[in-house]
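Student: These are the residues of each chain, in order.
There are 2 protein chains.
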Amino acid sequence: MKAKLQALKTRLLEIDDLNAAASLLQWDQATYMPPGGAVARGRQQSTLSRLAHEKLTDPAIGGLLDDLQAYEESLPYDSPEASLIRVTRRKYERAAQVPPSFMAELNEHAAVTYQAWTRARPADDFAAVQPLLEKTLVLSRRLAGFFPGYEHIADPLIDYADYGMTVSMLRALFADLREQLVPIVQAVTAQPPTDDSCLRQHFAAPQQIAFGLDVIQRLGYDLDRGRQDQSPHPFSTHFSLGDVRITTRVNEGYLGSALFGTMHEAGHAMYDQGICPDFEGTPLADGPSAGVHESQSRLWENLVGRSRGFWRFFYPRLQAAFPEQLSGVSEDAFYAAINQVERSLIRVAADELTYNLHVMIRFDLELALLEGNLAVRDLPGVWRERYLADLGIAPPNDRDGVMQDMHWYSWVIGGMFQGYTLGNVMGAQFFDAALRAHPEIPAEMEQGEFGTLHRWLKDHIYQHGAKYTATELVERITGQSLSVEPYIRYLKEKYSALYGVTSSPP
Amino acid sequence: MKAKLQALKTRLLEIDDLNAAASLLQWDQATYMPPGGAVARGRQQSTLSRLAHEKLTDPAIGGLLDDLQAYEESLPYDSPEASLIRVTRRKYERAAQVPPSFMAELNEHAAVTYQAWTRARPADDFAAVQPLLEKTLVLSRRLAGFFPGYEHIADPLIDYADYGMTVSMLRALFADLREQLVPIVQAVTAQPPTDDSCLRQHFAAPQQIAFGLDVIQRLGYDLDRGRQDQSPHPFSTHFSLGDVRITTRVNEGYLGSALFGTMHEAGHAMYDQGICPDFEGTPLADGPSAGVHESQSRLWENLVGRSRGFWRFFYPRLQAAFPEQLSGVSEDAFYAAINQVERSLIRVAADELTYNLHVMIRFDLELALLEGNLAVRDLPGVWRERYLADLGIAPPNDRDGVMQDMHWYSWVIGGMFQGYTLGNVMGAQFFDAALRAHPEIPAEMEQGEFGTLHRWLKDHIYQHGAKYTATELVERITGQSLSVEPYIRYLKEKYSALYGVTSSPP
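Chains as they are written, first to last, in this note's numbering: chain A, 1 to 506; chain B, 1 to 506.
So that you can see chain A by itself, here it is in the shape it has in the complex (with noise of 0.2 Å):
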């Protein structure tokens, strides 16, 4: 057993080590690549993919995974031996249900739609998209038809990302969740807004960035593991559990662009540095879903990076790297513009309150369309309606409406936004559960100490990659299922505090 298991991690290493080769290509990509790359590097990118897609789907390993379930069922749940084989086995079994042919048309129509909306999104043309959308759509409800008995099309959509995630659980968490939200928002939008100029000042990049990395590695973010680049849209990815990088887009005119979104994105890589080092070159070495991976990002963005404690250290180091800007402003009135709630139109731009709004609509459109209760050509228009009803406010075009977010322009239609307030949710249900277990955190935080914090969610969460599933590991660790409470609990008390108001009945 011992050589198929070793066997087995050899082929798992093999496309580990193509994948990583494709990541680089696509940081290259976004960080260094001259212009003249483009074309040959959507090449190499596509061809590293499928290579590693062939060699996972390869008949040979589903042998060896056959061969192992005796061996993987004599051994405790969560022993690695027995993650690495159920994990590999799921991973394996998803991929090798849809066919080759398939899964090349459904990526070379995603690449195409994507190049059209790079063109389409600035020209607010969303005719040029239309057609294209609609065959993704076909596609969408197609590729979720290789995976039968499902009990909504969009569950193994979502699965993709969030796996044992369903529409019906979503739908009730969602409900459940916005039923509390609305209240708040509209107690908050009610009062006059708060001023943010201070963070719409002039701020040189250079400063900028270091004043980032001093935070995130105080946070603990480990640049010997690890760089920070600049590229237009932030992310962070690695290509060993030893590299794990980030990129930042810094905006000279608007502070909070990269102080928060550098914050986010020491969130995910923390999330990977912290993985167990064994795990490297497997599916283990990776986080749960998509949900679970942002519980981190947006833990440490929000729940830590825009908290009273945190800048009662950091402020008065802020105003000293921007003593022009920032000496005259309060740590109160700066408090108060970084939390400033607004109705707006764009996901990503959105404050912390109305965050979640933005998704459910974009969760509640994906479902429709997939059930067939919604057309192509009536999204701009639904989109519109949906921003008014929900959060007062509609799009004067596609631009800022329906094409803002790249998501369904690039791959499928359903399952791609789940994720987003899952993670808000987790994130404050784990935070919590922190809290508990060490109630000197805030203290410690705001000496700019994170230490306490960091070992807790990498001991709970961090070190586990991939051999739990979301679901396990909020009850592992909160001994509770999924909850909407302790993130609305959160949002109450902030708010209140900020603005003087709890909810109210609408």
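None of these hints come from the bench; they were simulated from the model.
Given the structure is predicted, the values throughout are model-derived calculations rather than measurements.
Any given hint might turn out to be false.
The list cannot tell twin chains apart, which means a pair is met if one copy fits it or any two copies do.
[As the list claims (entries may be wrong)] Below, a list of computed lysine-lysine pairs in the DSSO-like style, where the Cα atoms sit at most 27 Å apart: (1) Lys55 to Lys9; (2) Lys4 to Lys55; (3) Lys91 to Lys55; (4) Lys91 to Lys458; (5) Lys9 to Lys91; (6) Lys2 to Lys91; (7) Lys91 to Lys4; (8) Lys55 to Lys2.
Add chain B to chain A, keeping to what the hints say.
Tutor: Positioned in the frame of chain A, the structure of chain B alone reads:
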């Protein structure tokens, strides 16, 4: 036949994508990779190279080449299709002749030896690498043995880098060169040494980089299809014909390092940028040999970059970039400094005139080792003797002696060095042909214009990629066979003007 050719191209493109990704892994390792990425990175590079090699030696490629042979013979020799088939067959046969198990053993041994060398060299500990080098010699002889029918055991190894060259050709060429070179070296080094202290001041890195970038863009390096980064060892690499990069090492205490290193690597890069775009993704998208490629780095670095006319234009600019350091240094003094000749120990730091003596020492020792006329344990001593005899100076240690170059410690012994001197010889021969075709080139260089020269090189050399062998290229361009005459003529003219001497019998 069109379908067979397309099938071949599709396979070659996949191999090229793997090689491009492996090159990017290497570039990133040398430029930006954090230390934590090192272990996985070595494995990733080796996986991708192995997969590329497996795909190149796939018998299906042999089958396609067989099927295409009659078609190839029906086409003109230098048609793109016939050239593609011919050059691919050469690569395929060379790769397929070596058993994969041997190649794996060699590559693994090379990796171990290289690691040992990186530790042994700073420790000046030849004993630590001697047994490894002995095994390298055994493996080098075995590698040659897979190519029966050679005249000299080094010939198959030379073929890897300089296809078509043989020991007997090179011995004759090098003897000819040596006979004419040594008197010039003796005459020049008998003069009082040139003062190069003007180059040995503090020169801030950003200004060095900016000046170098300006120079190479004027030479014709295209930054839309390339970029420059810093690395400990400068190199040029490409990931496609639209993405050809260079790296530079900056020494703030010595101006010559980045300045000439940048021009050298830009010479390599302009070659690759000039290859016919239709060759993208095939074995034609490369120079025909190490020597021909080196001819272009040496041409731009030395024949152009160390010439009088070049500095007539650039020296005022260099003075403006470094007024404190250079305003009191005349153009004559600067020109003399960058052309200082001295008996030195280190090949990569050697001047234009003595450089080939360093190369020929290594070439002769490689042959003696392979022939069995020299034992590895005697190598350090023989190295010292040869340096004393040829350059009148012997290294005080092995660090700056037999361990200075990575070549023997990173792959095989044999075929590793001849390309450098071939590059000097061919570079002068090509430059001479360009000047005969365009006598206006020197006057243009004095105006900072390099378009005529660059276009001529592109038309006659770069665009052809690997279509012609080195020998064919020399004959097509110059109407003559490979000859040291233009090179010796160039050296005599240059150094007699500089030192007021011509070669005299020893």
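Student: Of all the hints numbered above, which does this structure not satisfy? Sort the numbers upward.
Tutor: none
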